[in-house]
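Enquirer: For the sequence shown, numbering that gives the first Met the number 0 assigns the number 0 to the initial residue and increments by one for each residue that follows.
Do not rely on the hints blindly, as some may be mistaken.
As a list, the in silico DSS-like pairs of lysine-lysine whose alpha-carbon atoms are at most 27 Å apart [what the hints assert, rightly or not]:
| no. | residue 1 | residue 2 |
| --- | --- | --- |
| 1 | Lys118 | Lys143 |
| 2 | Lys65 | Lys119 |
| 3 | Lys45 | Lys13 |
| 4 | Lys65 | Lys13 |
| 5 | Lys45 | Lys135 |
| 6 | Lys106 | Lys81 |
| 7 | Lys13 | Lys86 |
| 8 | Lys119 | Lys135 |
| 9 | Lys72 | Lys118 |
| 10 | Lys119 | Lys106 |
| 11 | Lys45 | Lys72 |
| 12 | Lys130 | Lys45 |
| 13 | Lys143 | Lys13 |
| 14 | Lys45 | Lys106 |
| 15 | Lys86 | Lys65 |
| 16 | Lys130 | Lys81 |
| 17 | Lys143 | Lys26 |
| 18 | Lys106 | Lys13 |
| 19 | Lys72 | Lys135 |
| 20 | Lys135 | Lys86 |
| 21 | Lys106 | Lys65 |
Okay, the calculated beta carbon distance ranges per label pair [said to hold, decoys possible]:
| no. | residue 1 | residue 2 | range |
| --- | --- | --- | --- |
| 22 | Lys65 | Arg107 | 25 to 33 Å |
| 23 | His63 | Leu138 | 28 to 36 Å |
| 24 | Met41 | Asn132 | 32 to 40 Å |
Please keep in mind that the hints were generated in silico from the structure rather than gathered at the bench. Every residue gets a Cβ at the ideal spot worked out from N, C-alpha and C, and that includes glycine.
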Amino acid sequence: MSYKDSFYKRNSRKLGEEVCEEYLDSKNITYARYGFDELDRMPFGKFIMIPEVLRNSPDFVIMHTKATFLEVKCCRHNIRLKLADMKSYDWWSDFLPLNMFLYCTSKREYVIIPYANLKKIAQTCEIGIYKDNNRKYYLIQWEKFGNRISRSSTE
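From just these sequences and the hints, can you work out the full model?
Expert: Listed below in structure tokens is the structure:
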């Protein structure tokens, strides 16, 4: 699977969310699914009728030492963070702190990082454009993230 594949093929399995839930369960962290799962609930043509900021709602609400949002991103080699999505994340960050759970399938590693830190890293990276929708994204090399955790070490 590649970022060049169709939306439905790229999202046919929510591997990043599965790994995230495994992590949360292993740490006994209370969480609730929050964001839309448009693949199960409505056709894409209807889904895009919802304002973008709502479509980009975080995947989870975490109840640990305080309530926070958690957004999951999965990649094969590098994170592609859409500039348009960042506007939504900025908006959501006004309500609760937003953290990002990033999972790299080729390395079987994940990292949890505050969105504000991810945003700072992203703004130092090159910008690419998706060919299918002309959306701009920051191309963030996986190696830019410290404190990566190997999934095999948590299984």
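Enquirer: Each of the hints needs a verdict: does it hold here or not?
Expert: To see whether the hints hold, each was checked on the structure:
no.: 1; hint: Lys118 <-> Lys143; result: holds (12 Å)
no.: 2; hint: Lys65 <-> Lys119; result: holds (24 Å)
no.: 3; hint: Lys45 <-> Lys13; result: holds (21 Å)
no.: 4; hint: Lys65 <-> Lys13; result: holds (26 Å)
no.: 5; hint: Lys45 <-> Lys135; result: holds (23 Å)
no.: 6; hint: Lys106 <-> Lys81; result: holds (22 Å)
no.: 7; hint: Lys13 <-> Lys86; result: holds (23 Å)
no.: 8; hint: Lys119 <-> Lys135; result: holds (17 Å)
no.: 9; hint: Lys72 <-> Lys118; result: holds (14 Å)
no.: 10; hint: Lys119 <-> Lys106; result: holds (23 Å)
no.: 11; hint: Lys45 <-> Lys72; result: holds (23 Å)
no.: 12; hint: Lys130 <-> Lys45; result: holds (22 Å)
no.: 13; hint: Lys143 <-> Lys13; result: holds (24 Å)
no.: 14; hint: Lys45 <-> Lys106; result: violated (35 Å)
no.: 15; hint: Lys86 <-> Lys65; result: holds (24 Å)
no.: 16; hint: Lys130 <-> Lys81; result: holds (13 Å)
no.: 17; hint: Lys143 <-> Lys26; result: holds (25 Å)
no.: 18; hint: Lys106 <-> Lys13; result: holds (17 Å)
no.: 19; hint: Lys72 <-> Lys135; result: holds (16 Å)
no.: 20; hint: Lys135 <-> Lys86; result: holds (12 Å)
no.: 21; hint: Lys106 <-> Lys65; result: violated (31 Å)
no.: 22; hint: Lys65 <-> Arg107: 25 to 33 Å; result: holds (30 Å)
no.: 23; hint: His63 <-> Leu138: 28 to 36 Å; result: holds (31 Å)
no.: 24; hint: Met41 <-> Asn132: 32 to 40 Å; result: violated (19 Å)
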